[in-house]
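Engineer: What follows is the residue order along each chain.
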Amino acid sequence: MEIDYEKIGLKVGLEIHQQLNTSAKLFCKCKPELFKEEPEITFLRRLRPTQSELGQIDPAAYFEFKKGVKILYEADRRTSCLVEMDEEPPHPLNMEAVEIVLTAALMMKAKPVDEIHVMRKTVIDGSNTTGFQRTCVIALNGEIQVRGKNVPIQHVSLEEDAARKMGQEGNTIRYRIDRLGIPLIEVATAPVIHSPKEAEEVALAIGRILRATGKVKRGLGTIRQDLNISIKNGALIEIKGVQELELLSLVVEYEVQRQLNLIKISRELRKIGVKEEDVKEEFFDVTEIFKETECKVIRKAINRKQRVLALKLPKFKGFLKRELVPNFRLGTEMADHARFWGRVGGIFHTDELPAYGITAEEVEKLRKTVKAEKEDAVVFVADNPENAKDALKAVAERARQAIKGVPEETRAANPDGTTRYMRPRPGAARMYPETDIPPTQITDEHLKKISSRLPELPEQKFERLMREYGLNEKLTRQLLDSEYAELFEVIVNESKVSPTVVAVFLTETLKALKREGIQVGKVSEEQMREIFRCIGRGELAKEALPDLVSWLSKHENRSVQEAVEKLGLKMISEAELARFIEKVIEENKILVQEKGQKALGVLMGIVMKKLRGRVNAVLVGKLLKDKLEKL
Amino acid sequence: MSEKEESGYKGEALKAIIKAEAEIGDIIRVTKNGQVYEGILIPRSEYGDEKHIVIKLKNGYNIGIRVTPDTKIEKIGKGVKPAFTPPPPPVQNPELPKVAVISTGGTIASRVDYRTGAVRPALTASDLYSVVPELSDIARIDTQILLSLFSENIEPKHWTEIAKNVAEKIEEGTEGVVVAHGTDTMGYTAAALSFALQNLPVPVILVGSQRSADRPSSDAATNLIGAVTAAAKAPFAEVAVAMHETTSDTAILLHRGTKVRKCHTSRRDAFKSINAPSLARIKDGKITMLTENYRKRDPTKKLVLKPEFSDKVALLKFHPGMNPSIIDWFVEKGYKGIILEGTGLGHVGRYCFESLRNAVKHNVIVAMTSQCIWGRVNMNVYDQGRDLQALGVIPLEDMLPETAVVKLMWIFGQTENVEEAKKLLKTNITGEFSPRTTFDKIGNK
Ligand SMILES: [Zn+2]
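As they're listed, the protein sequences go chains A and B. 2 is the number of the first residue of the first sequence in our numbering; add one for each residue after it. 117 is the number of the first residue of the second sequence in our numbering; add one for each residue after it.
It is worth saying that the hints were derived from the structure and are not from the lab. Just so you know, even glycine gets a beta-carbon here, dropped at the ideal spot from N, CA and C. Certain hints may be false.
What the hints assert, rightly or not - Heads up, simulated SDA-like pairs for lysine to any residue below, C-alpha to C-alpha not over 20 Å straight-line: (1) A:K265 to A:T419; (2) B:K167 to A:Q442; (3) A:K567 to A:H556; (4) B:K538 to B:P551; (5) A:K68 to B:D253; (6) B:K126 to A:Q442; (7) B:K399 to A:V70; (8) A:K122 to B:P159; (9) A:K292 to A:P355; (10) A:K67 to B:P206; (11) A:K449 to B:D253; (12) B:K174 to A:L237; (13) B:K131 to A:D115; (14) A:K584 to A:Q598; (15) A:K112 to A:S453; (16) A:K67 to B:Q151; (17) B:K126 to A:D115; (18) B:K167 to A:L448; (19) A:K631 to A:I586; (20) A:K390 to A:R401; (21) A:K71 to B:D385; (22) A:K110 to B:K148; (23) A:K68 to B:S252; (24) A:K122 to B:K174; (25) A:K112 to B:N175; (26) A:K122 to B:V235; (27) A:K112 to B:G150; (28) A:K68 to B:I341.
To be verified - Counterexamples of contact, computed for chain B against chain A with all Cβ distances above 10 Å: (29) T147; (30) N175; (31) D229; (32) D253; (33) E271; (34) E277; (35) H435; (36) R552; (37) K557.
Okay, chain A solo, but in the shape it has when bound:
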């Protein structure tokens, strides 16, 4: 189905987060790194929702608290101190991070604020030991150009990254606080993106600008994209945590599909006359029916003395199996709500039964017990009564929302581009000042200094690289998207090797080596420069590059010279080469006599096969040609 995104009124805004490559965290001097070992320190906390002056408490937050959710934090002494543990007030704002964000902000033509005020954004899922995330606006009202269109940048902010969720055992959620406090830049666009493809292009453009600062971290887990998506008659949906750029357009596509399908379902439900008040929170204990069940999940629950509770959804038959996006049905949506509010493993519903060991007979009995008519659906859960009730309440609520249309909510991105229910959308931003950190003024002198050494914009650099080095468009693009654009210029300028050779090596060759599992990152920039200096002086052939890099990656801290010797890649002299060529011609006398000059290609192949990496192919060609001519 081709969707006319303009017609359905698609509006997307992006929030791009990327970790900064600073020497210390944002509010303390800890290393901004993660640890893999067992934690040295663990501690258990609870977060209590704070009341606002209006006496309001975030309902989702209060719900979590009432359920007795505890958080077990894991730490080690290298990556965390008392600040991350919320046992010491934060230290002043890391100015190295502020400067990087200012640089990126100015590149996006945003206007820096005169005075930075760090705020506390309430987050009580445990990902922040304090119960809030520290964040501050650094600049406002910027814009970037994407394919000739102006994309307004609403704000560029600096914030602390959150702790990493490691798992959950019952009511205890485990977080590791090594990541907590790593500085993040946040770039928020206005909701002016109107197609999935455009979302990806804008994200890519912002990513290029951030990389151009040369001070952002790279690799998996260092970038996170949040989106807000709305369509006409749909709802504003926040989607958190898209880790890969390539996934962005798919996430938007799926979300549009999901909303369109939900709108369709709501229309149909209303057409057949279902009203919100028809969905009653009446729960039936149907444990008896499943006494002898073959269904393993229900068996286990009953053995644990848990109960099976059921809920009737009037006239919902057939709707629960309706696919919203591939492999994701309205029933799946309800199950996600049940999991969040009821802490159950999942739900069963009659649209997917008989299956999972549940027989047609059991379904029949179930329908009878809850007095379900033919067109009704029945949802049931096996768990302790309290959880089961909470889960079914959530299902009932979600069913009512389905009649109404698309509910506003915050969703989390799955690796396949679909999303799942995360929590209701928080009310007005619950932010208040971080009084432990004094406001930081940005002076005009400071700004002037940063402005004077602003990195080139990616588009300018793109054009310059093509012009100055004669690279083609594709190669230039690849080079800019790699981490080696700076190194490229250094190498070309000092080695005088052909720019295209250097660029191909830094992009395609290295990518191919990485695919083969070679840890290219272990070869230092200095080693790469040395290799190219040798090539430039004619001591090495460019064909030797892959072998050299591969050897150096496996032998850390060894020199390029050593690699050359160990691999026998030393160039042979012109005289030696000449002798070798004579020998090859001698060995292929008949061929040469038959083909004359035309034997060049075959002979070239033979020589190169023997001497690859130790000779310059151009020289081989020239010598061969000379010899053949002289014959």
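The hints should help you fit chain B with the ligand onto chain A, whose structure is shown.
Structural biologist: Relative to chain A, chain B with the ligand alone:
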């Protein structure tokens, strides 16, 4: 602008705000260098300069804007004051014990005005119930706001006031008293109440928080729940401090008022029992006594209130190179007692001896504690110690220096008689001396 005092604005910024007739909470528009900023006018921190005004943008963020001659400020909307109606207090369970909660200033519960960022204490009973709902299952609470002081501003006269107030509550038949207190001098107040409130029938529990109550991670609520539990149910009738045992929110320790010290500037587990076991632990709502040596709760006991303190007592920490004329100064100013915080087993440099001799000659009580914090003074081991005793310096065993100075202040609130005062100083009145010290962990675990 009517809230000038509260607003924190001064100088240029204040002038500009007055000119725009804007008040804190109003929506304003600031135009500067072609940029337009709209948001709510936020109060300025008292440490902020006079050149910036702070607004809260629609997205919730605060930013500071420098006021220049061509900065234009307009008021575009009137602020709406949040009207807070606390939820009705829960139905009190008449079966539950009555506990009085007296506040002296440390905020144990607060509420955030997300509009302006102001944090306001929540101190009435219904406030406490709505912020810490668990309390309604533990006790029937009656609250009183006695003082509103940072703990470093609390003086001996406030101890008197607190002690009298606690005594009143006990006379009224409350089954336990909780005193909310800033943590910095909570140990001193705990010692003071230990001497002022004798023959206690019920427990008196001091409580504070190391992380402010407005943050979700605050230790305030957990500590308060622990304190109210102890006040309502603990089997002992002593003055104690209730604070976190570790960095986790799992257990609350109760420390005897004369044996407790704040040992860390910021950690939740800053309070430690020194030279004595902790009194009790509260975990999952249950109280476990950690010593057999305690005075039992007994409602039939008659409280003896002795709330007077003298402020003519000093605590002096000896250090290499200390100028002994400091001691002379105290004597000249009519001080009645000096507690020395000596080195090691209880020593000061010989160059202070002359001044000490002079102090004793003038009927000033001079007594010795140790700056080691942990351990007992012993002035019989070295000559220097024996000589100090010969001068009339009284060794105070394992008493904490802070407890010693409070005790001597209290003693001179009871008597003018120096001999009687000396006798009292050496008598174990409320567990300030431990007869023996067992081998327990000190410092880092
Ligand atoms: Zn740290």
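Engineer: Could you tell me which of the hints above the structure violates, numbers in ascending order?
Structural biologist: Going through the list in order, the structure violates hints 11, 16, 30 and 31 and respects the others.
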